[in-house]
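Asker: Residue numbers (the numbering used here), protein chains in the order written: chain A, 1 to 267; chain B, 1 to 267; chain C, 1 to 267; chain D, 1 to 267.
One should not assume that every hint holds.
You can't tell identical chains apart in this list, so a pair holds if it fits in one copy or across any two.
[As the list claims (entries may be wrong)] With a Cα cut of at most 25 Å, we get these calculated DMTMM-like pairs of lysine to aspartate or glutamate:
(1) 69 - 57
(2) 4 - 131
(3) 247 - 3
(4) 4 - 148
(5) 114 - 64
Hints are computed from structural coordinates only; laboratory data are not their basis.
For reference, the chains in residue letters:
Protein chains: 4
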Amino acid sequence: MPDKLAEARERLARANRMIANEGVLDAFGHVSMRHPIDPGRYLLSRSRGPELVQADDILEFTVDSEPVKPPTARLYSERVIHGEIYRARPDVNSVCHHHAPSILPFCVSLAELKPLYHLGATMGTSVPVWDSRDDFGNTNLIVAKPEEGASLAHALGANWIVLMRRHGATVAGRSLEELVFRTIYIARNAALQIQAHSLGDISHLNTEETEMAGAFNLEPGPVMRAWEYWSVRLDKAEGTWRQPRAKTATRRPNKPAAKKKPAKRRR
Amino acid sequence: MPDKLAEARERLARANRMIANEGVLDAFGHVSMRHPIDPGRYLLSRSRGPELVQADDILEFTVDSEPVKPPTARLYSERVIHGEIYRARPDVNSVCHHHAPSILPFCVSLAELKPLYHLGATMGTSVPVWDSRDDFGNTNLIVAKPEEGASLAHALGANWIVLMRRHGATVAGRSLEELVFRTIYIARNAALQIQAHSLGDISHLNTEETEMAGAFNLEPGPVMRAWEYWSVRLDKAEGTWRQPRAKTATRRPNKPAAKKKPAKRRR
Amino acid sequence: MPDKLAEARERLARANRMIANEGVLDAFGHVSMRHPIDPGRYLLSRSRGPELVQADDILEFTVDSEPVKPPTARLYSERVIHGEIYRARPDVNSVCHHHAPSILPFCVSLAELKPLYHLGATMGTSVPVWDSRDDFGNTNLIVAKPEEGASLAHALGANWIVLMRRHGATVAGRSLEELVFRTIYIARNAALQIQAHSLGDISHLNTEETEMAGAFNLEPGPVMRAWEYWSVRLDKAEGTWRQPRAKTATRRPNKPAAKKKPAKRRR
Amino acid sequence: MPDKLAEARERLARANRMIANEGVLDAFGHVSMRHPIDPGRYLLSRSRGPELVQADDILEFTVDSEPVKPPTARLYSERVIHGEIYRARPDVNSVCHHHAPSILPFCVSLAELKPLYHLGATMGTSVPVWDSRDDFGNTNLIVAKPEEGASLAHALGANWIVLMRRHGATVAGRSLEELVFRTIYIARNAALQIQAHSLGDISHLNTEETEMAGAFNLEPGPVMRAWEYWSVRLDKAEGTWRQPRAKTATRRPNKPAAKKKPAKRRR
Numbered sequence: 001m002p003d004k005l006a007e008a009r010e011r012l013a014r015a016n017r018m019i020a021n022e023g024v025l026d027a028f029g030h031v032s033m034r035h036p037i038d039p040g041r042y043l044l045s046r047s048r049g050p051e052l053v054q055a056d057d058i059l060e061f062t063v064d065s066e067p068v069k070p071p072t073a074r075l076y077s078e079r080v081i082h083g084e085i086y087r088a089r090p091d092v093n094s095v096c097h098h099h100a101p102s103i104l105p106f107c108v109s110l111a112e113l114k115p116l117y118h119l120g121a122t123m124g125t126s127v128p129v130w131d132s133r134d135d136f137g138n139t140n141l142i143v144a145k146p147e148e149g150a151s152l153a154h155a156l157g158a159n160w161i162v163l164m165r166r167h168g169a170t171v172a173g174r175s176l177e178e179l180v181f182r183t184i185y186i187a188r189n190a191a192l193q194i195q196a197h198s199l200g201d202i203s204h205l206n207t208e209e210t211e212m213a214g215a216f217n218l219e220p221g222p223v224m225r226a227w228e229y230w231s232v233r234l235d236k237a238e239g240t241w242r243q244p245r246a247k248t249a250t251r252r253p254n255k256p257a258a259k260k261k262p263a264k265r266r267r
Numbered sequence: 001m002p003d004k005l006a007e008a009r010e011r012l013a014r015a016n017r018m019i020a021n022e023g024v025l026d027a028f029g030h031v032s033m034r035h036p037i038d039p040g041r042y043l044l045s046r047s048r049g050p051e052l053v054q055a056d057d058i059l060e061f062t063v064d065s066e067p068v069k070p071p072t073a074r075l076y077s078e079r080v081i082h083g084e085i086y087r088a089r090p091d092v093n094s095v096c097h098h099h100a101p102s103i104l105p106f107c108v109s110l111a112e113l114k115p116l117y118h119l120g121a122t123m124g125t126s127v128p129v130w131d132s133r134d135d136f137g138n139t140n141l142i143v144a145k146p147e148e149g150a151s152l153a154h155a156l157g158a159n160w161i162v163l164m165r166r167h168g169a170t171v172a173g174r175s176l177e178e179l180v181f182r183t184i185y186i187a188r189n190a191a192l193q194i195q196a197h198s199l200g201d202i203s204h205l206n207t208e209e210t211e212m213a214g215a216f217n218l219e220p221g222p223v224m225r226a227w228e229y230w231s232v233r234l235d236k237a238e239g240t241w242r243q244p245r246a247k248t249a250t251r252r253p254n255k256p257a258a259k260k261k262p263a264k265r266r267r
Numbered sequence: 001m002p003d004k005l006a007e008a009r010e011r012l013a014r015a016n017r018m019i020a021n022e023g024v025l026d027a028f029g030h031v032s033m034r035h036p037i038d039p040g041r042y043l044l045s046r047s048r049g050p051e052l053v054q055a056d057d058i059l060e061f062t063v064d065s066e067p068v069k070p071p072t073a074r075l076y077s078e079r080v081i082h083g084e085i086y087r088a089r090p091d092v093n094s095v096c097h098h099h100a101p102s103i104l105p106f107c108v109s110l111a112e113l114k115p116l117y118h119l120g121a122t123m124g125t126s127v128p129v130w131d132s133r134d135d136f137g138n139t140n141l142i143v144a145k146p147e148e149g150a151s152l153a154h155a156l157g158a159n160w161i162v163l164m165r166r167h168g169a170t171v172a173g174r175s176l177e178e179l180v181f182r183t184i185y186i187a188r189n190a191a192l193q194i195q196a197h198s199l200g201d202i203s204h205l206n207t208e209e210t211e212m213a214g215a216f217n218l219e220p221g222p223v224m225r226a227w228e229y230w231s232v233r234l235d236k237a238e239g240t241w242r243q244p245r246a247k248t249a250t251r252r253p254n255k256p257a258a259k260k261k262p263a264k265r266r267r
Numbered sequence: 001m002p003d004k005l006a007e008a009r010e011r012l013a014r015a016n017r018m019i020a021n022e023g024v025l026d027a028f029g030h031v032s033m034r035h036p037i038d039p040g041r042y043l044l045s046r047s048r049g050p051e052l053v054q055a056d057d058i059l060e061f062t063v064d065s066e067p068v069k070p071p072t073a074r075l076y077s078e079r080v081i082h083g084e085i086y087r088a089r090p091d092v093n094s095v096c097h098h099h100a101p102s103i104l105p106f107c108v109s110l111a112e113l114k115p116l117y118h119l120g121a122t123m124g125t126s127v128p129v130w131d132s133r134d135d136f137g138n139t140n141l142i143v144a145k146p147e148e149g150a151s152l153a154h155a156l157g158a159n160w161i162v163l164m165r166r167h168g169a170t171v172a173g174r175s176l177e178e179l180v181f182r183t184i185y186i187a188r189n190a191a192l193q194i195q196a197h198s199l200g201d202i203s204h205l206n207t208e209e210t211e212m213a214g215a216f217n218l219e220p221g222p223v224m225r226a227w228e229y230w231s232v233r234l235d236k237a238e239g240t241w242r243q244p245r246a247k248t249a250t251r252r253p254n255k256p257a258a259k260k261k262p263a264k265r266r267r
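One chain only, chain A, in its complex shape (with noise of 0.2 Å):
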């Protein structure tokens, strides 16, 4: 079936870029997805920043994150967190690992980042973080080694997502699309988090009102929705976006269609 891996590479390397484009990603941080047909396989780009991953860009790894031909490009150092969440739980399909501007906060502070409104319900009840120091001492913060992926993998437990400590978070998801949704509304959940707490006292989620308006808002339909609106502000960005011609022709007296139709024929 070469047809839904090519699909699955695709709209991995479109995923890539469009946490990017919503600006959780920046030069660094990538996200996989579980090979479509070999479970005991993973899709990730090559060591590039993710707002430019093409399909051409994504390889194939086992979950000992090793590439399954031998490499022409250089490889994200941190494959191993992918790994390793990958083989610890079957159950998640895909994984990002970033460094968030807004998600960084609560990973040099000890403030606990908690669900604030129903769409950042979708980051679970409960927010794990992992400190590199605790099992590895001091290094340079890069989650490089099997054993340092398989630590973190531990800490992310049955969860939805891990700070970690002095360095960034890795999300995981059923599927891609679930994926990108918590990765991007766990960090408006984050930015809204610290500006609320300039203002008093904070009224969070109760874990009933989180697991339910966390399964309500991970229903494809919602889910679906944000991916065609962050897919379309990426297609905006890209200068591939055109707007939609009108099935039903509206006249405006002052601009009359006859002008209009070639300008927007044009773009």
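With chain A fixed as given, assemble chains B, C and D onto it according to the hints.
Answerer: Showing chains B, C and D alone in chain A's frame:
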């Protein structure tokens, strides 16, 4: 009068995109208007991100929030927000429900949103807060049942905005144009209040100033001036804007007009 | 000298759009300049968002803020801000009234705006604050009557900016170019002060530093360098900017010049 | 070797525009590099906003900051910042002086800039602060005299960044690419620190982590990955970016390839 309806759908679609383009709406939230001919109906898009809404997406609903024609696409779950407000408030002809980043901090903290400058005075002298827990206990936060919409409409009362705890806000207007103005400038006022809060005690508008400044800014002059501005900004974002040709030509010595004109025409 | 006036109108329109493009002006606010030939008159746009102002929109007013020709379009309500300052200050040749997001927090709190770096020193050594309540009690905050404009001009005194409680700010310049520089860099300084405030005690420029740094940065060199920069940024935002062709061609081994040139020519 | 110099000028011009495009430089500030052939000279643009700098603008200066050829355009007043650092630090081959919005709060308060995550570790283990008042009393803050540049270079010492009270910062690199990386990621770290500060106590990298993470991220892999990313973002901002054509074509059922290809080619 089919033209009046067609124009309303186009204008409503544009309002959706304008408010989204100003950062007040994202993948979620929606904007509606009362049907221009039948006051017992309202117009609202099918379920999609407001930045993507086109005239073709706009459907008709009864005030019971039932689609007039059998729907062929997914509908917004929270239609009752609109329907119940149109039912309760004959003076309201347009409604926006959103989760603006600057408004949410006031939905999750006890800080009171206040008019701080003349443009923010359009929020009115009182900003009620509705908490889904009061009437319905723990929920997924979504306002989907008629009784939830009615409870929210009751909390709105005779005011123009109601904040929703751990969720967002709903804004009302006597016209679509007034709604757009009020929605965007309340969001700007909220952002200002968060910034000002960090500097110490705040001097807000008193009741009389709020009433006078609110009334002044909702006159057709300011409202249409702002609409034109946001509309042009939307055109720029959508790539359909062209710099107007000067009626009175001015030649600048270092840029010969002959060279400049084709460049303008091309874009 | 019709050319001098035509050029002034074009330059003033551009200044309106430049300041708006830098986020200091939005749908409201306005920029004027003294008439280049008749010092008893000034130039100001008809009522529209400053980002939209073109040379054709610029009208002539007497210092009584009466239009020289019978107006065919809506005029700004707050023209007297400009007229009364031109009357009171013969050394002022350009005025901007705005509600910049970074300035407003200083208009609604008791925090004093201070020059924190050399570029902010263009605000001068004193920043008076005017409160409409002092002379006029509760109003709609709009400065529309000649006596309101005169009161504001009196508060400005010999300074270069006056903050307006619960409203915004008015900035003055000896030239249009100086005004643009001062307006934008005071807004940048204000944003910096809000950020710095959260970090603890602030070290601001003393009087002598403010005078020396302010004078240095208002020399033609810095002022025109900044004008060129904001002007190019405006061209980019308006889609009229083209990357300049290199005079001294450089060939890069991996990008053959033959392929690169037509791409540049096309845009 | 004229090609080596031509390439250096083009690359330096691009670095100017890249750092500006990331919001670290505005109308002011400048980026230089040591002459690729003659280590007693350096390359720096004529006086203009760094976002506008093209290869043709790059001039040669001696370490005394004298232009090698008689200048035909205005020069930066603060060239001595560059010259004196090149003189004092043979290991430095590139220098950036800037007034980044996120760095300035640390220049006007007593808060210490600290590495909070691995990418910020490139600032090094010590960030000295220079105050023009200490050696020169009240000035216009501009570092224009050789002795002022030498005083600043002395304060920089063996470090990689020096903060300048009430002014900005100067950053050094062993190469242009390293400089760009360090400049941008210190600015990102500073923004993070301001945000984190509002949440309470901050956990920063310790000395050993800073050294290891700094060394790792300044390897060619991360440095060139970030360069490519910022370079593509610059191309997008300048309108010269085109989405790469896929080598391995994927057809999506709802978008026929025949229709999609010409659209891509056109842009």
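Asker: Can you tell me if residue 114 and residue 64 fall within 25 Å by alpha carbon in one copy, between copies, both or neither?
Answerer: The answer is neither: 33 Å in one copy and 36 Å across copies each exceed 25 Å.
Asker: Quick one: residue 4 to residue 148, C-alpha cut-off 25 Å, is that within a copy, between copies, both, or neither?
Answerer: Result: close neither inside a copy nor across copies, 32 Å intra and 43 Å inter.
Asker: Within a copy, between copies, both or neither: where do residue 69 and residue 57 come within 25 Å Cα-Cα?
Answerer: within (13 Å within a copy, 46 Å between copies)
Asker: When no copy is named, should residue 247 and residue 3 be tagged within, between, both, or neither for a Cα gap of at most 25 Å?
Answerer: Between copies, since 15 Å is at most 25 Å while 32 Å is not.
Asker: Regarding residue 4 and residue 131, is the shortest C-alpha distance of 25 Å or less found within a copy, between copies, in both, or in neither?
Answerer: Neither: 38 Å inside a chain and 46 Å across chains, both beyond 25 Å.
The structure shown violates the earlier hints numbered 2, 4 and 5.
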